[in-house]
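Could you build all of it, start to finish, from the sequences and the hints given here?
Number of protein chains: 2
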Amino acid sequence: MEQQILKINAKIVCAASVVGHKEHEGPLGSYFDIYDQTDKFKQKTWEKAESEMQRVALSAALTKAGLEENDVGAMFAGDLLNQCVGSAYGLLNFDIPYFGLYGACSTAVEGLMLASLLITGGHFKRCATISSSHFCSAEQQYRTPLEYGGQRPPTAQWTVTGSGAFIVGDSKAVGVKICAALPGIVIEKGVNDASNMGAAMAPAAIDTLLRFFKESKTSAADYDAIYTGDLGAEGSKILKEFMEADGYPINENHFDCGNLIFDPEYQDVHSGGSGCGCSAVVLASYILPKIRSGEIKKALVIGTGAMMSPSSLKQGLAIPAIAHLIMLEHEGAEDGNK
Amino acid sequence: MEQQILKINAKIVCAASVVGHKEHEGPLGSYFDIYDQTDKFKQKTWEKAESEMQRVALSAALTKAGLEENDVGAMFAGDLLNQCVGSAYGLLNFDIPYFGLYGACSTAVEGLMLASLLITGGHFKRCATISSSHFCSAEQQYRTPLEYGGQRPPTAQWTVTGSGAFIVGDSKAVGVKICAALPGIVIEKGVNDASNMGAAMAPAAIDTLLRFFKESKTSAADYDAIYTGDLGAEGSKILKEFMEADGYPINENHFDCGNLIFDPEYQDVHSGGSGCGCSAVVLASYILPKIRSGEIKKALVIGTGAMMSPSSLKQGLAIPAIAHLIMLEHEGAEDGNK
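Protein chains in written order, with numbering that gives the first Met the number 0: chain A, 0 to 337; chain B, 0 to 337.
Since the hints were derived computationally from the structure, they do not count as laboratory data.
A quick note: this is a predicted structure, and the numbers were derived from the prediction, not measured.
Glycine included, each C-beta is placed from N, C-alpha and C at the ideal position.
Do not rely on the hints blindly, as some may be mistaken.
[Stated by the list, open to error] Computed, partial: chain A to chain B, Cβ under 7 Å:
| # | residue |
| --- | --- |
| 1 | V84 |
| 2 | P96 |
| 3 | Y97 |
| 4 | G99 |
| 5 | G102 |
What follows is the structure, given as structure tokens:
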């Protein structure tokens, strides 16, 4: 097997987040850049609202960074909608070469990984990564239309209405360092309940984290924080139990974006947040500023994705999942892996 | 604007194709590696048949190349099914890091581009790229179930049942050289007819080809052949007319995989073939052998994709399209762009 951890020498220069009203009302509400109380973003359909969030997120990230669209060599984008139309339409107005991704809720990290790898390889000076999800478009596509009023089981997660955009630059730029990446392997362990995606995704996160710790000869103690994308309460519990059983406990410093974004007591989200937008907006507006300020010096971020479709579940198949990992460091931090 | 053409130094080491009965009966039938007369590949649903084609295609490519799965550093895969389940399930058994793509019918070229860029950058020694489409799964998802017996207009294309897998290696490997790439920009020119995807995709192909010719200061005469993915008869006509009007005629040496794969007289496919599998299998089993043998020394391959969804069309939106370009050369050919 080739060595699997990829060395990266790039920086996240800037990021922006756009969210809906529920995310704005949550514990991280004040961190997000832009929100719309109606979740509609002046659009007539939920799908168009999702596209609009992507457009606004990328525009905001470019503005923050003081960049024009022609300063960006390529963009990597994806979402949960069929044929990833959230991205295709949302980013149509940007005259930037486009790589479409499908990584389900791991898309933000998949995009950051590819963007930073291509920058490390010298192919681009600067790239953008954008992803999104919308509670209403996701419910209607994956489960039942909102009007149906279906009951949600306790293990169900609440799809985040949000879009995060990131500008990645080369090592000379100022920003948060991306130092390493470990792409995920598709894992399926028999979970076929679309209302328990945390359990479906946990095995992929375990696989990636164990591969990373073993190859890098590090453990949780070497990082200030380990963030997973959207395992929620259920998936996080499974992840922590298995990591402990495997001899790599992460109880002390594990956080999950799906647990952070909503208040479990007051927001009735059951097992937490999920969706391509979940890890994207939490990373963009909550985690990155902590690393930029030096409050966190070194972190692992693991984007987790459940890659089933409503059809594949109806045909009796279980949920395949993936977990992509990147290692982030405060600009001033020394690279402990040298 | 950054220079847009990306220099690549990688080789397509090996490729394999799997097709259905109609593709086997077509003009290129004898070139394809594997076919199933029933189009079912021993599966109970069309979606599972599509996944099985991907599994078989990658297995065949690995076997041809004399490689094991752990010789491959990463795979890039995608298809047309909602949430790209053709790839997620089809490749589940391979213990290879996975990057999910959504580029509609441009996926094969998008994957070859990313794989060869990451190899050029030194991140991987060897990668795989796999994509697929299936006539029956696509009809039921995009248009009407087969049993409905809907009439097809003359501009409609026939989704190819097929999967192509490619193994890309570094410059030391033996194979067809990938010398350059130009990623596409998403273009939408108002075509909203899902039965005329050639017309929707042609503007993207024109944009990419013109950008390539202008930046590289070359024209069609500098290449033995220019292949587009799946513009079909209608889209190819538009492409050729506009390229001529723009001062870069390609009439002499343009071919379209969608036109090559079926016999327009005897196979009743109207405007030709389409689908992620179309350019994948034609490139894998017809174009690459010609370049390998030296019959073609230098070629451009432009993967074209229409990125709408049935929902986006119902919501009144037009079809956004993309065209990704790679330049291929016979191993012995000199690089005329130096």
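Handout entry: Residue hint G99/A, partner chain B, criterion CB-CB below 7 Å
Key = Constraint on G99/A satisfied, holds at 4 Å.
Practice task
Let me know if the C-beta of V84/A comes in closer than 7 Å to any C-beta of chain B, holds or violated.
Solution key: Holds, about 5 Å.
Problem - Interface restraint verdict for G102/A against chain B (beta-carbon cut-off 7 Å) - result: This interface hint holds because 5 Å falls under the 7 Å limit.
Handout entry: Status of the Y97/A interface restraint (C-beta, 7 Å, chain B)
Key = 5 Å, holds
Problem - Interface hint outcome for P96/A [beta carbon to chain B under 7 Å] - result: 4 Å, holds
Going down the numbered hints, you'll see the structure goes against none, and every one checks out.
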